[in-house]
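Protein chains in written order, with my numbering: chain A, -5 to 349; chain B, -5 to 349; chain C, -5 to 349; chain D, -5 to 349.
Please note that the accuracy of each hint is not assured.
[What the hints assert, rightly or not] Here are the simulated distance ranges between beta carbons: (1) SER70/C <-> GLN78/D: 38 to 46 Å; (2) GLU29/D <-> GLY277/C: 24 to 32 Å; (3) THR129/B <-> LYS174/D: 46 to 54 Å; (4) ARG30/B <-> GLY311/A: 40 to 48 Å; (5) GLY102/B <-> ALA32/A: 32 to 40 Å; (6) LYS174/D <-> LYS202/A: 43 to 51 Å.
No lab work stands behind these hints, which were simulated from the structure alone. Think of the CB as a built atom: it goes at the ideal place given N, C-alpha and C, for glycine as much as any other residue.
Here is how the chains run, residue by residue.
Protein chains: 4
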Amino acid sequence: MPSTPLPPTGGARPLRVAVIGYTGYSGIELVGLLERHAAVSLLLLDHRAAKDSALDASPVPCGLPTPSGRAHAPWSPSAIRDHQIDLVFTATPPEVSLDIIPEILRSGARAIDLSGAFRLRDAGQYQRWYKAAHTQPDLLAQAVYGLPELYREKIVDARLVANPGCYPTAAICALWPLLKADLVDRAAGVVCDAKSGVSGAGKSPSPKTHFVQISENFSAYAILEHRHVAEVLNNTGLDESEFSFTAQLLPIQRGILATNYLRLKKPATLDEIQAVYRAAYSGAGFVRLYPPGGQPQLSVVNHTNFCDIHCTLGSDGRRLVVVSCIDNLIKGAAGQAVQNMNVMFGLEESTGLLA
Amino acid sequence: MPSTPLPPTGGARPLRVAVIGYTGYSGIELVGLLERHAAVSLLLLDHRAAKDSALDASPVPCGLPTPSGRAHAPWSPSAIRDHQIDLVFTATPPEVSLDIIPEILRSGARAIDLSGAFRLRDAGQYQRWYKAAHTQPDLLAQAVYGLPELYREKIVDARLVANPGCYPTAAICALWPLLKADLVDRAAGVVCDAKSGVSGAGKSPSPKTHFVQISENFSAYAILEHRHVAEVLNNTGLDESEFSFTAQLLPIQRGILATNYLRLKKPATLDEIQAVYRAAYSGAGFVRLYPPGGQPQLSVVNHTNFCDIHCTLGSDGRRLVVVSCIDNLIKGAAGQAVQNMNVMFGLEESTGLLA
Amino acid sequence: MPSTPLPPTGGARPLRVAVIGYTGYSGIELVGLLERHAAVSLLLLDHRAAKDSALDASPVPCGLPTPSGRAHAPWSPSAIRDHQIDLVFTATPPEVSLDIIPEILRSGARAIDLSGAFRLRDAGQYQRWYKAAHTQPDLLAQAVYGLPELYREKIVDARLVANPGCYPTAAICALWPLLKADLVDRAAGVVCDAKSGVSGAGKSPSPKTHFVQISENFSAYAILEHRHVAEVLNNTGLDESEFSFTAQLLPIQRGILATNYLRLKKPATLDEIQAVYRAAYSGAGFVRLYPPGGQPQLSVVNHTNFCDIHCTLGSDGRRLVVVSCIDNLIKGAAGQAVQNMNVMFGLEESTGLLA
Amino acid sequence: MPSTPLPPTGGARPLRVAVIGYTGYSGIELVGLLERHAAVSLLLLDHRAAKDSALDASPVPCGLPTPSGRAHAPWSPSAIRDHQIDLVFTATPPEVSLDIIPEILRSGARAIDLSGAFRLRDAGQYQRWYKAAHTQPDLLAQAVYGLPELYREKIVDARLVANPGCYPTAAICALWPLLKADLVDRAAGVVCDAKSGVSGAGKSPSPKTHFVQISENFSAYAILEHRHVAEVLNNTGLDESEFSFTAQLLPIQRGILATNYLRLKKPATLDEIQAVYRAAYSGAGFVRLYPPGGQPQLSVVNHTNFCDIHCTLGSDGRRLVVVSCIDNLIKGAAGQAVQNMNVMFGLEESTGLLA
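Here chain A stands alone, though its shape is the one from the complex:
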């Protein structure tokens, strides 16, 4: 496919943004969000011999010419410079991100990486959970964990943002306020029982994502061993021995519902617990709290960038169940990446993320 230049821009220069890895579920979602984002001019960079195959067999409005397709170019460091790209999103496997992120940064662009390559603390932790050597330990040390609800101020100046994993986004948003306020009996253990839609398992066909395997079924996997556990520990302060995490596969396309169980150090009321969340997220437009009596469910959060939180307290005032819900492809991936972009470039945080 020949390279197509970005349209010339006049007046208030839009943000010049590139996406590498736009054929997976997160990449597709990200391109959709960026195309509707008013302040962005988008370029697709083809890392492998990619092909915008969707165009071939798609229906075309009658009486209109065939659409010309999106601006794109082959990936290379010079493409970043030639197109004066301000920011590159990489929605690539971690080993690819490790390869290309250094070149992107050297070419003068900032980067938001949607893989797990730059989310952990150091090379040792990466080796343990990803079973692979980390080839860029210096960049790993510089990367900022891109959960704006916790790290907004660091994100503003970050050159490299590690966009959080989907499960950790749901778990950390639910657990962090209570742990920060030191309300939790950590010795009793914290449980996060998480359920995800199938898009979280990626787009590559496999026996595990075949329709006949998934429909009318439900399964647990990677019990206590999921590589996302490390992100949760790093960003909540929990020790591994204090945290039990199970990942489970729902027969739906998208959405994560995490049911978190905590024991409070001393009895509290539901009002007090909800006040803790309101305080922690007073500046966070994308965290919503269920009123008492609501029934948490995925359908109201899917296709949005919200993280919904629902609390139930036992009659003893100490057993606490916190349900958190996100769309794994939006708040758990592409939406959060756009939210990070907005923070990095001084745009209103919700630009392009509300309906």
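With chain A's structure known, arrange chains B, C and D on it following the hints.
The following block gives chains B, C and D in isolation, referenced to the frame of chain A:
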């Protein structure tokens, strides 16, 4: 619930629009489209003691006050006048529409009715297919059938638009161009085998829409007897003896795929057939044509106002299969209603209907 | 519908069994199991003016006469005597069971009740969790909890068996062996995060079980308050303050997967834990244990009477996750009821329950 | 995996049956049916280095030894002789069946092939629809088409039975009686609009069967070009120019519903039409006819070997809609294969096929 006034409007006066019947699937979809429509100011009119119950248990953004809810008022003819409503959408059962549409029109507003009350030719036809007397035969005679692809010019001046049924929208868009061009061997019969998502069966709980009944199942109903048949006959010119229609229930939420079978009077090429569609819909932005080789499917048309059309010709050049796809709640209901509104009030036809 | 007598029986007299309440999901499943059970002669008793409506519109083999239908009679205490019924299954709401069980027992038959009417400890506990007065406290005291894996010997002689709830069956089978062996740090709390298919919510149409509400969705309900909690406490010895239970609704027809989290008093190995289960269930043909490395899932247990158990131990040897899977309509209802019948009448426990 | 011998058999010698290709959906279903078949002793033959991997991670009943697995041996012509196999089922791709069926027959066993290799009339027809040369034209000429409802008497003596395709089974059962009785206006064309569950697309992972692609979607494919068309033509006498066939993919696991449209030569009554079916299938226990007013659906036919037929006649007495339903894996594959085996070996035709 106390009445809340519409916000005051200054500068270019927006269209003042009311919706009666906003709790069913079409009504909910319609309210969502109108809230995002830049040229519209929306008022909900409560026909029965309705309650915007969704607000009670919905999650609320942290640190923000509880949302005040949408502007609404009790339905009455005077509410139309007091709020200077230009247009009322009725997403009500046909018997309710027959009651309130006359009052709406007398109050000076125009109306788009989403029920079947005003879609047929005359009271006799209504009696036959709806098994009920039509109480407003004069209004029935005045009503314009709201399929803009066929009747755009009549819709411009209509006081009452009868928004088409979902199945007829899919069937007529597929069949009309070929019949108009007199290419079809009508004596051989025309078949429309239609499949719909469950939202088409309405929101009232029933054994027929219970999850356990629908999932892992597929069924045919109202074979050759569906009340939507009359709309198709009226707007294609087919006789009942020339048309076979089957409705079927898919285990999905939304979307209609209709597989239409026709026999051509004389052999044609696929290019010729596609040219007929392009000519018929040269001014229609919402009809899309699949290129040869594409595979028609609901996922690319759902959540849009498009009607996608896909043609396959047999090796004899006479057996023709035309697949048409719509979202039953958008092009088959709420989106088409907004499209009609745009036509009636001189707005760009696609306003509020793209993305 | 006229009463049809049971077929005469000669030779080894089969067990004469009646079912009251055969139109709900559990009742339908139960009738299917009993019809295939070689040692049983089945009579349906119509409690309300019921109608075997399935027969009317069902397809009929060509060339065969219309099937005569199943033996049935109006419910009355004398029907039990007239038909010499040995055992009555009641798959009725608890308030109906409270009414008719005393009459059944007085008529000389034994009874297995599938409702919650006779599962709890005493009238006070029933009042608390069912928000209703228990009208048969004496029978409640006599009833035997019908979980054969725990109470086989009491069931042998029981006149009234309270068939366990679906969630409690999954939870108790997972938790009881470890608690009995005193391995659990109860002070740290025990979590049961349970997910059920929609048939568990019953057959009556409701907004909560509409296909459009359930599909592509997942929700939590009755968090910490589900009435099934009391059954789990009674049969594991846990105190309410030690147990956190969440019920959740899966977009599938059937199956319960419960993910249970426990903290061990002192570190153990997975082999030791599995040995505890093997010992506890050495005589239990219907409890299966996953080998290490398996991935627990509903598809292998659905449509069977098995309860599958899968254990994962954290690297500290103390965090333990026990996943238990059952078919809520079989091991969680009708299959367990047949298993109880087999135990009560000296039949091989698995008769009629293996494919 | 070491070879395990068939258990020794005494008294009435069971039928000695082998299956080659037991890991696909049809093969798994077939093995399940044969294991429950009272008159059969089953051997699995491993064509490629296969592995009964299901055993590794499956749950095992507590207190019982690990199951030893099924009898199996490496495929070779001598294995047929050594194990004195009477009948071999091949559930293999057509190119594999073409290779191994000659060797099976030469080894003295009879064969039922579930692939498309031997279903068509001659090598020319095979070349046209399968786009490949047929390497065994002589065997093709000898093979009997295994639809017992039409060809029972030929099947009795057949050495090689070609088990029909799933779509053709549904189409032929619906169309054949009316065409045989010469009631159909063939010039007007016959339509078969068929919808299948995803297991019909096979077990190999592909983008087309990914859960995210299938769920909440519905698509048409191979319109007018499906290779199953030739089987329908051969067995109904229709010409290609008289028959329009569309295959469509339902978001369910199993089941085919085919909606067939015919025009009668002269007006008839529904009673007359149903009498034609009853006469055609007077000896066919597996074809069932819906009474007038029923609503055809997959849930009542799935997991059975029945083919259900439902007729609707237009008010003109000439437009006829015939809906036929089968389970694609049972009557459309494995169940029909067992039915053929029963016919070939003089067993009651329904042995092992009625729950």
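Tested hints:
For the pair SER70/C and GLN78/D, the supplied restraint of 38 to 46 Å is violated, since their beta-carbon distance comes to about 60 Å. Hint check: GLU29/D to GLY277/C, Cβ distance near 26 Å, so the stated range 24 to 32 Å holds. Between THR129/B and LYS174/D the CB atoms are about 52 Å apart, so this pair conforms to the stated range of 46 to 54 Å. The supplied range of 40 to 48 Å is met by ARG30/B and GLY311/A, whose beta-carbon atoms lie about 43 Å from each other.
Roughly 38 Å separates the CB atoms of GLY102/B and ALA32/A, a value that falls within the hinted 32 to 40 Å. One distance hint, 43 to 51 Å for the beta-carbon pair LYS174/D and LYS202/A, holds here, with the actual separation near 47 Å.
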